[in-house]
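Residue numbers (the working numbering), protein chains in the order written: chain B, 6 to 421; chain H, -3 to 187.
It is possible that some hints are incorrect.
[Claimed, not checked] Residues of chain H placed beyond 10 Å of chain B at every Cβ, according to the derived structure:
1. Gly48
2. Glu54
3. Ala60
4. Lys61
5. Gly67
6. Pro74
7. Val85
8. Asp131
9. Asn144
10. Ala155
[Said to hold, decoys possible] Okay, the calculated beta carbon distance ranges per label pair:
11. Val94/B / Glu30/H: 45 to 53 Å
12. Ser197/B / Phe64/H: 39 to 47 Å
13. Lys61/H / Val146/B: 46 to 54 Å
14. Ala179/H / Arg265/B: 18 to 26 Å
No wet-lab data here; the hints were simulated from the structure.
Don't be surprised by glycine CBs; every beta carbon is placed ideally from N, CA and C.
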Amino acid sequence: MASKRPDRRGFLKGGAALAGGLTLGAVEPALGQTPASDGFIRGNKELVAYGERSRFVKSVRIQHPPGSRPSPDAFGKVFHVAAPLQDSVGVITPSSLHYVATTRGSFLPDIDPREHRLMIHGMVDRPLIFTMEDLKRLPSVTRLHFIECAGNRSRSQHKTVQETHGMVSCAEWTGVRLSLLLKEAGVKDGGSWIVSEGVEEVKGASSIPMEKAMDDCLVCYGMNGEAVRPQQGFPLRLMVPGFEGIFNTKWLRRIKVVDRYYMTYNDYGHLRQDPEGAALGYQIGPKSVITFPSGGQQLPDRGFYEVSGLAWSGGGAIRKVEVSTDGGRRWMDAEIQGTAQRMAHARFNFQWNWDGKETELLSRCTDELGQVQPTRAQVAKFWNVPLDSSFRVKGQDNSIQPWRIASDGSVHNAIF
Amino acid sequence: MRFFSLLPLLMLLGGSALAQSPTYGVGRTPSAEEIRAWDISISPTGEELPPGQGTAKEGALIFAKPIFQGGCLACHGPEGQGGRAPRLVKRQAEPGVDPWDLGRILPIRSPYATTVWDYINRGMPVNREGTLTADEVYSLTAYLLYLNDVIPEDKVLDAQSLPQVEMPNRENFARVPDWQPGAPRLKGYPY
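From just these sequences and the hints, can you work out the full model?
Structure below.
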């Protein structure tokens, strides 16, 4: 899936140069006003009511990982679907391209929001039932947050950044603070966990520490300026910023306040033999990846390129991103676009002149807690285990992704 | 001045009585019946388990029924393997195999049998979830635990005995991390 991006960039650069009044040797006339060869898009009721992208834009999601259980499967169930990060710009993943995962492969519930209810009960003074209308009356919050699947792990057989990193996305989420709802219900002494539950056939449920529930969780009805999509939990989704994807309960219908870990089907999958592994499979670590140039793309020639990528951390905001263009010998600060938000994608850029020689591009980030994204070698050294082909980063894999630029300009996954 | 003199009193109230009363008064109180109908959570100690009972022998009969009668065989295959749906029986039959090597088959790695009961009760059979009776869920749980060498064939599972089942990982798992806001993932781990 070769990107069209270098071409488009050349076009934009030319346009910017013109706008700046620079004189270029052989500028084609009226660059931005060339008549479209295929005419126009005739307006119709559907397109006026709800717009769609250009037919020339082909970016799509794919099943994850490649060759695994298909989505949809023979039954029409959806399991794991990865976002096309190689085509991403900015920090927001369009809702139509946001990655999707379900507890064990599910049908997507088709919920009439007028019928939907959220119940909060268990160790509370006042159990409560909210309609969607009720929730929209309450004070709302809008925040950018990434969500990442625990299975987002780069492997040597993966070719593109969609395959290595596509199980992460970032959207603008709108809803009510969970802490507000819990305070309305009045959490009793000893209420130390919540169990959140969805509507889908398996009624996916997760135990979440009360500290997290009271800290920054949201009960969301909005996503990217409209209602949450069915694939993302319409009409209501729990947002647990920075925790592994499975905690962000879709089609949320019930929250039970309890005094212990409830060991649901989702929960037992988080159990580990060692406390280190358990801790590292909970909150997402600092992680970044270069999305351009990335695996499967092709640099047309030597010369200038803006290297661009995404960085995120479950520990808070991204403070620093560094890029290496020589396989990790030297690291230089990349520019972070705008103000990095907590538990959200940050877009970084780095200006690079490629000399046409084979090299490796890498990025690493540091978050507000001072956690630094490691290489696989650093992780292996920390745990004192050999760095061979069977090496696996403990917990959520947040290791540095190397992209090899071959001398012909082709880009390859350089992880082994 | 008057405001400041009231501050300690306000803080005292804020810490106790005031924090306990609703601010917005939005939402309604569910009836006890509504809560009972919605609450399908089962804790590891099984307080919420309903009355009922079953054995592996009874479970084997239910397992083999057609789907529309709550059966499992059509999707999961005979004795829980070889079907289109996930395998339900561990791969190694030998005793002494590390339970962590058994994969995510059934919740066999869960320390508590309540996880198995809960999953069948909330998620099975697909498209007919919630139609199994409590007796049927106890029986199917007993059958699957029997097939995985966890309990004997004649063991009766009910609200009292189910939480007592000695799962292979009963004591063999790490404590759940004690998460705190603003803390790194793992103390001493720089990454």
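Results of checking the hints against the structure:
In this structure glycine 48/H is separated from chain B by more than 10 Å, as the shortest Cβ-Cβ distance comes to about 20 Å. Look at glutamate 54/H: its CB is around 23 Å from the nearest CB on chain B, clear of 10 Å, so calling it non-interface holds up. Its beta-carbon lying about 22 Å from the closest one in chain B, alanine 60/H satisfies the requirement of being farther than 10 Å from that chain. Under the 10 Å C-beta cut-off, the non-interface status given to lysine 61/H relative to chain B holds; the minimum distance is some 19 Å.
Under the 10 Å C-beta cut-off, the non-interface status given to glycine 67/H relative to chain B holds; the minimum distance is some 17 Å. With a closest Cβ-Cβ approach of about 20 Å to chain B, proline 74/H is found to remain outside the 10 Å limit, as its non-interface label requires. Valine 85/H, annotated as away from the interface, keeps every beta carbon of chain B farther than 10 Å; the closest lies near 17 Å. Remark: the non-interface label on aspartate 131/H is consistent with the geometry, its nearest Cβ contact in chain B lying 21 Å away (cut-off 10 Å).
The non-interface label for asparagine 144/H is consistent with chain B: the shortest C-beta to C-beta separation is roughly 15 Å, beyond 10 Å. With 10 Å as the threshold on Cβ separation, the claim that alanine 155/H sits away from chain B holds: the shortest Cβ distance comes to roughly 17 Å. A beta carbon spacing of about 47 Å between valine 94/B and glutamate 30/H agrees with the range 45 to 53 Å that was offered as a hint. Restraint check, serine 197/B to phenylalanine 64/H: a C-beta distance of roughly 42 Å satisfies the suggested window 39 to 47 Å.
Look at lysine 61/H against valine 146/B: about 49 Å separates their beta carbons, and that is inside 46 to 54 Å. Judged by the Cβ atoms, the range 18 to 26 Å given for alanine 179/H and arginine 265/B holds: they are separated by roughly 21 Å.
The earlier numbered hints are all upheld by this structure, with none contradicted.
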